[in-house]
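Assemble the complex: chain R is given as a structure, and chain F must be docked to it using the hints.
2 protein chains.
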Amino acid sequence: MQFKISKELLVQIEQFIQQKNDQELEVLLNEMHHADIAEIFEELEPYQATYLFKILDSEVTAEILPELEEDLREKILRGLSAKEIAEELDELDTDDAADIISELPQRKKEEVISELEDLEHAKDIVDLLRYDEDEAGGLMEKELVKVNENWTVLTCVKEMRTQAENVTRVHSIYVVDDENRLKGRLSLKDLLTTSTKTHISEVYIKKVDYVKVHTPNVEVARIMQKYDLEAIPVVDEMGRLVGRVTIDDIVDVMKEEADKDYQLAAGISQDVEADDSILDLTRARLPWLVLALFGGFISVHMLGLFEGAMKNHKELFFFTPLIAAMAGNVGVQSSAIIVQGLANNTLSGSLFNRLIKEVSLSLLNGVILAIILFLGSYFLLGASTKIILTITTALISVIIIASLLGTFVPLLLDKIGVDPALATGPFITTSNDICGILIYFSIAKLILGF
Amino acid sequence: MQFKISKELLVQIEQFIQQKNDQELEVLLNEMHHADIAEIFEELEPYQATYLFKILDSEVTAEILPELEEDLREKILRGLSAKEIAEELDELDTDDAADIISELPQRKKEEVISELEDLEHAKDIVDLLRYDEDEAGGLMEKELVKVNENWTVLTCVKEMRTQAENVTRVHSIYVVDDENRLKGRLSLKDLLTTSTKTHISEVYIKKVDYVKVHTPNVEVARIMQKYDLEAIPVVDEMGRLVGRVTIDDIVDVMKEEADKDYQLAAGISQDVEADDSILDLTRARLPWLVLALFGGFISVHMLGLFEGAMKNHKELFFFTPLIAAMAGNVGVQSSAIIVQGLANNTLSGSLFNRLIKEVSLSLLNGVILAIILFLGSYFLLGASTKIILTITTALISVIIIASLLGTFVPLLLDKIGVDPALATGPFITTSNDICGILIYFSIAKLILGF
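Protein chains in written order, with this note's numbering: chain R, 113 to 562; chain F, 113 to 562.
The following block holds chain R by itself, in its conformation from the complex (with noise of 0.2 Å):
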């Protein structure tokens, strides 16, 4: 049941192209499901995709095109017409095509465009190249089941039946007035379960969810997991039915929303896989990595301020990558759970509570923590009693100011519109580090005087 490509597989569709022997390639690709075929493009050499492209039927290539890695899908157009790629187009729904078409350079675009024979169709997918695709206008179809509150449900069905023909899943029924401005919807199995008589306006469901056209992605996402919606319309600023977007686009968004806030929790700032060139993963990871060396080069500067310490205290000095990794560990650990409380919009009660509870919370950790470090310090280290007192001390008060910082930096970062999932990963472990190193040395001069 749930295909898994195996090698030997691979080795047989790489060993057909080769011969060239179509025949065997169309059988063996022929009972596939169109989403096993595009993890097999991705697996194969460009060369080898765009040759099984090329044989397959266009209702089959159409389907695969969505699917596949944005740069797989640019290599293979380029070895295609622009007539060529409108038929693929034209058997894809709106939303797909404009995708697609928006990846196109300008010049085949147009081309691409012109080409398209079902000119409802072309001017459906135009409309929706306006849109941002951070929008909800960048992610609905135009594909959608309407009828006019004005009519009867004899019409309506009869009506409805062409539409559905477009339309992969009907889910809802939309109903709009005269100016296509939506006025309400019509379940499926209602229209299953009532009399063909029954007149619209007596039927429709008057109170029907909507997001506007420049509604974020994201909040899109969370009205329909908030109200287990499977189908949403949007409306445009004139609140005419313009469009809607499906189920399966929003489980796309959130899995982007999570593999990004994934990434730069980890130090990632662009959509990588472990399968992207080195350019690319380089491109990713440096960034952040050249901030995390700057930081490194404040700490070493500040340890270089303390050096008097060595003379008489030099295990001050051993304990500083504990002292640095604590407050980095306790900073990201407040900042993952602030990132998700704003994300998943669960974050309740006043700043000032919210303050009083961190503080609380990072010094009962710390107490805890510090019991440990004393014990361990005094049995496993054999540390001094005024070493120990200073350590103790400054692993409570580093892990109360990590904690702080982790809180409030991404909720400030969220305030003034940034995006609070940058304030995790290497920016609160570095800014942590720096911070935990000059509280921990302050803190032993004043207990030690050096």
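It is worth saying that the hints were derived from the structure and are not from the lab. Be aware that a few hints might be false.
The list makes no distinction among identical chains, and a pair is therefore deemed to hold if it is satisfied within one copy or across any two copies.
To be verified - Straight-line C-alpha distance at most 30 Å; calculated DSSO-like pairs for lysine-lysine: (1) 338 x 372; (2) 319 x 119; (3) 469 x 187; (4) 221 x 338; (5) 423 x 166; (6) 527 x 367; (7) 318 x 119; (8) 469 x 372; (9) 187 x 367; (10) 372 x 132; (11) 527 x 372; (12) 221 x 324; (13) 319 x 166; (14) 195 x 557; (15) 119 x 324; (16) 309 x 319; (17) 423 x 498; (18) 166 x 338; (19) 309 x 270; (20) 338 x 187; (21) 221 x 195; (22) 132 x 119; (23) 367 x 221; (24) 119 x 469; (25) 338 x 119; (26) 426 x 498; (27) 423 x 557; (28) 166 x 318.
What follows is chain F alone, placed relative to chain R:
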């Protein structure tokens, strides 16, 4: 349109509760979506939420229950008799009802089940209780529309009308044989566009995706996402149709998985939220901090071993946090990419290729960073040539080792069946801190000969 709870609304509701003004409360909440009311519940004190719960209609409260956080739900249910709980559950879909029952204490569980009115519903719920919550059986609902392959379309439509009454969203109509074995599916759309005189066996689609009752949740999510499914049938060991999983459940699974991975990467080991109690938060955070602390002990001990270097090369100790931080950051980046690749099933190629790639990548990053380190420590920090040689060599070596650890530890964990996400966050930073320091001072010893 998008509902946000205003402070004023909350204050108003709290006032009405205090005044026991049930009439106003009903007016206020009457028009609201149950998901919004659930959100209000979360903002109230438990006794207030319980009060509201009791004055609302059971049709509404039943829908609210599955939306609540587990601890609030528990508090509310504690105030209800078994009969009252059963009345709520009678209104719910089998999957939600089973989830709620499974949280009850054993004794109450049995009482509630015996109080359920609809026997068929009760049987379905009990059946669902057998499955683990992490597998398809624990995720599925019993509500679905199925028809027998031997029926005519006419019988089918009649039967479906009855069945559809109990099913919130129809999605697909499943076709079974006399033994209830899944044979194929019919789409609602096909039914809408096909003449009613056709025979079932002529129109149904024999190819149907399905999962088994013991298929893990994450695998179900992967399949539904890959094939863009909105519902998938679940079969038992004998191939009999026992339920279906719908996309809204999958959206929740994906959200939970993403949150869990994100938290693990940040060193938080349970599913917690910013608004959880200090004790819950400590339980989730402290273990990782203790781990990091013990890692710290090792680094303190190791640094002590290199005490001899302090006499002539004290700058070495100033650079320790910098080296440790770079090791930590590189390790987290590498592991995050692997963990995501494993989760998304996008890792390809052999281990050896991955090794080569990771070494080249970190060599490239390492050399660039070493050049910056060279310039910085020469011009900004005024370090000596020998020290600069030491720290740059150490930086490159540490980056290579850290990225190899970050790459292969999660791969190894995955191999032996442990969640690779455990290898990100504190675990990888701590072990990289230790390795980094050891490599750094070993190289220093080699070059400077102390």
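Going down the list of hints, with the structure as the test:
When the C-alpha separation of residue 338 and residue 372 is checked against a cutoff of 30 Å, the pair qualifies both within a copy, at 21 Å, and between copies, at 19 Å. In the homo-oligomer, the alpha carbons of residue 319 and residue 119 lie at most 30 Å apart only across protomers (25 Å), although the nearest pairing inside one protomer, at 53 Å, exceeds that limit. Taking CA atoms no more than 30 Å apart as the test, residue 469 paired with residue 187 passes between copies only; the shortest distance there is 23 Å, against 54 Å inside one copy. In the homo-oligomer, the alpha carbons of residue 221 and residue 338 lie at most 30 Å apart only across protomers (28 Å), although the nearest pairing inside one protomer, at 37 Å, exceeds that limit.
Within a single copy, residue 423 and residue 166 get their C-alpha atoms no closer than 75 Å, and across copies no closer than 71 Å, so neither meets the 30 Å cut-off. Taking the shortest Cα distances, residue 527 and residue 367 sit within 30 Å of each other both inside one copy (25 Å) and across copies (24 Å). Taking the shortest Cα distances, residue 318 and residue 119 sit within 30 Å of each other only across copies (28 Å), while inside one copy they are farther apart (55 Å). Taking the closest pair of Cα atoms, residue 469 and residue 372 come within 30 Å of each other both inside a single copy (29 Å) and across two copies (23 Å).
Taking identical chains as interchangeable, the C-alpha atoms of residue 187 and residue 367 lie at most 30 Å apart only when both belong to the same chain, with a minimum of 25 Å there against 33 Å between chains. Taking the shortest alpha-carbon separations for residue 372 and residue 132, neither the intra-copy value of 41 Å nor the inter-copy value of 47 Å comes in at or below 30 Å. When the C-alpha separation of residue 527 and residue 372 is checked against a cutoff of 30 Å, the pair qualifies both within a copy, at 20 Å, and between copies, at 26 Å. With identical chains, the CA atoms of residue 221 and residue 324 are at most 30 Å apart within one copy only, with a shortest distance of 27 Å there and 45 Å across copies.
Proximity of residue 319 to residue 166 under the C-alpha cut-off of 30 Å is restricted to the inter-copy arrangement: shortest distance 26 Å between copies versus 48 Å within a copy. Taking CA atoms no more than 30 Å apart as the test, residue 195 paired with residue 557 passes in neither setting, with 76 Å inside one copy and 68 Å between copies. Taking CA atoms no more than 30 Å apart as the test, residue 119 paired with residue 324 passes between copies only; the shortest distance there is 25 Å, against 47 Å inside one copy. In this assembly of identical chains, residue 309 and residue 319 lie within 30 Å of each other by CA distance solely inside one copy; the values are 23 Å within and 36 Å between copies.
For a Cα distance limit of 30 Å, the shortest separation of residue 423 from residue 498 qualifies both inside one copy, at 15 Å, and across copies, at 23 Å. Only between protomers do residue 166 and residue 338 lie at most 30 Å apart by alpha-carbon distance; the minimum there is 23 Å, versus 43 Å within a single protomer. Proximity of residue 309 to residue 270 under the C-alpha cut-off of 30 Å is found in both arrangements, the shortest distances being 13 Å within a copy and 18 Å between copies. Within a single copy, residue 338 and residue 187 get their C-alpha atoms only as close as 39 Å, which misses the 30 Å cut-off; across copies the closest is 22 Å, which meets it.
In this homomeric assembly, residue 221 and residue 195 come within 30 Å of each other (Cα to Cα) only inside a single copy, at 11 Å, whereas the closest approach across copies is 65 Å. Only within a single protomer do residue 132 and residue 119 lie at most 30 Å apart by alpha-carbon distance; the minimum there is 20 Å, versus 69 Å between protomers. Taking CA atoms no more than 30 Å apart as the test, residue 367 paired with residue 221 passes inside one copy only; the shortest distance there is 28 Å, against 36 Å between copies. For the identical chains of this complex, residue 119 and residue 469 are inter-copy neighbours only, at 21 Å across copies versus 54 Å inside a copy, given an alpha-carbon limit of 30 Å.
Taking the shortest Cα distances, residue 338 and residue 119 sit within 30 Å of each other only across copies (20 Å), while inside one copy they are farther apart (42 Å). Within a single copy, residue 426 and residue 498 get their C-alpha atoms as close as 13 Å, and across copies as close as 22 Å, so both meet the 30 Å cut-off. In this homomeric assembly, residue 423 and residue 557 come within 30 Å of each other (Cα to Cα) both inside a single copy, at 13 Å, and across copies, at 21 Å. Proximity of residue 166 and residue 318 under a CA criterion of 30 Å is satisfied inter-copy only: 28 Å between copies versus 49 Å inside one chain copy.
The structure shown violates the earlier hints numbered 5, 10 and 14.
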